[in-house]
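Given only the sequences and the hints, what does the whole structure look like? Please build it.
The primary structure of each chain is shown beneath.
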Amino acid sequence: MSLLPPGFAGIEPLVADWVLPDAAARMAKRQASGIAELRRFYDAMLARGEEALAWLRGFALGDLPPEGENLLRLMLMLAEAAPAVEWYGDPRVYDGFPVERVRYLRQIPDCAAQAVAS
Amino acid sequence: MNEAAKPPVPGIGLTAKYPEIDTGPCDTAIYHEPAVYAKELEAIFRRAWYMVGRVEQIPHAGDFFTCDLPTFRLEILVCRDRDGGVNAFHNVCSHRGTMVEHRAEGHSAGLFTCRFHGWSFDLNGKCAAVRDPEGFFDLDKGTLGLKPVALGIWEGFIFVSPVDEPPVSLADYLGEQGRDVAGYPWGACTQSYQFETEIGCNWKLVVDSPAEVYHIPVLHPNSAAPTMMASGNPFGRLLDVELKGPHRTNSHYSVMAEPKPVQKLAYFHAAAAQNVAQADRGYDLPRGINPARSPWWTVDLITFFPGLEFTLSAHMYTAHQVWPLGPNRSLYRQRVFVRPARTAAERFGQENSMVEFRDVVMEDLSTLERIQRALDTGRIRQFHFHDHELALRHQHHVVTRILADWDRRQGSEGQHGDA
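Protein chains in written order, with the working numbering: chain W, 28 to 145; chain D, 49 to 467.
These are computed hints drawn from the structure, not numbers from a lab.
Some hints could be false.
Partner residues aside, some chain W positions facing chain D, computed with beta carbon under 8 angstroms [what the hints assert, rightly or not]:
no. : residue
1   : Leu83
2   : Arg84
3   : Leu88
4   : Gly95
5   : Met102
6   : Ala109
7   : Trp114
8   : Asp122
9   : Leu132
10  : Gln134
11  : Ile135
12  : Ala144
Calculated Cβ distances over 10 angstroms to all of chain W for the following chain D residues [unchecked claim]:
no. : residue
13  : Glu81
14  : Leu89
15  : Thr146
16  : Ala157
17  : Leu159
18  : Cys162
19  : Gly166
20  : Pro214
21  : Ser217
22  : Gly223
23  : Ala305
24  : Pro334
25  : Asp453
26  : Asp455
No experiment lies behind these values; they were computed from the predicted model shown.
From the three backbone atoms N, C-alpha and C, an ideal C-beta is built for every residue, glycine too.
Given below as structure tokens:
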């Protein structure tokens, strides 16, 4: 079975390292990565970003097949990696507060359906 | 040339609108002296109300969440009862004082059972059962309920008081500011991220951090500045500041510059949870949001003294909460509220907003412990606030005035006592 939806075979090698279960894990992954590998991941994903979002627009959260969840999680990792590449040229916030001191109390689940206001 | 490329730069003159606010240098003693902090706890913090969550977190009878008020070391249990009411209790067992409900949130079939010795309490806090009651001596179960905590609800936000008899009602505490921003679709942003971090600085520095944007072009040159402070506003001036008693609102000027590539994906291909323009809002902005009704508006910073600030745009908002832990120690909690994603693509827009906002705040927080170290040497005696740093001057004014009133009252009570 494919790890990603049809048409995304070219970025399948990214799934093993860059699909992570939640925002806290993605933040830790960015901090633990070098800027060169973040940039390689960013470049590979950015090139497929519009197509990935077009594919994901066809699904509501909660209805994604497993390979769609992988694609979404790669895109969420792209969001986490972007400031490192686009703003700082470094995994860390330039001259920033140590992000290790941040503790997530609440996260939005990656793939679960989201309640609309009643 | 497009008119939009040349918006008017906001002028100087915000402080002059409020003649009660001094324009001289501000004494920094209130930012670090332990005696001032001790007074603030009594005169300010014990008299305030604290936002702990939203009603949507507990839609059904039996739903609950737990939280704490770090400044007061109070543990709180909030639940929905069978009549639809929202109740708050000290989350402390009346038997031996351990925490009754240890989970962060969940659903109770009707009883909260202490995991220490198994005493149980119902959704109204009443002591429902004591294990092996015959071993106790004249227990009166009627007096052993969970201790109620004063609670109020404003626009779906649940507020609690740290004292048994709050000196002012929630409505009076929120005052004009609460009335002016009621009606924003607070409940539409059903999804949220929250993080906390302890910062080695006085609580007022944390409040100050987003309360001026004079720093944005300098401190955030690659992150916030390009999208928030593009053409025409090189000094990071505000659109407006409104002072309302102890509370206040800053309105931010912004012109959209060229977004970075991943921002473009988020803004143009996954728009949810974005600080996008106000067209197609689907609701009317309340009077107190973008009060100047400027077309160059993007974000308001809506402050409820002492420690609650909302960074609010047309479609999402962030609650910043500051919990003082000492004269130079604070707990900062940030909760980003976004709209539910209509498609899986919009989930990416949510994450992008959270990450951008978090990293910009990391840039801000790096300054705070440095300032505090300088203050703690006792050698930085004055701050010099710019006209567009009026919010900081206002906070200084409010705190100084409250502490002076407090001293006067203590003084007159003291004289009365001596007589």
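Next item on the list: Tell me, in ascending order, the numbers of any earlier hints that this structure violates.
Entry: none
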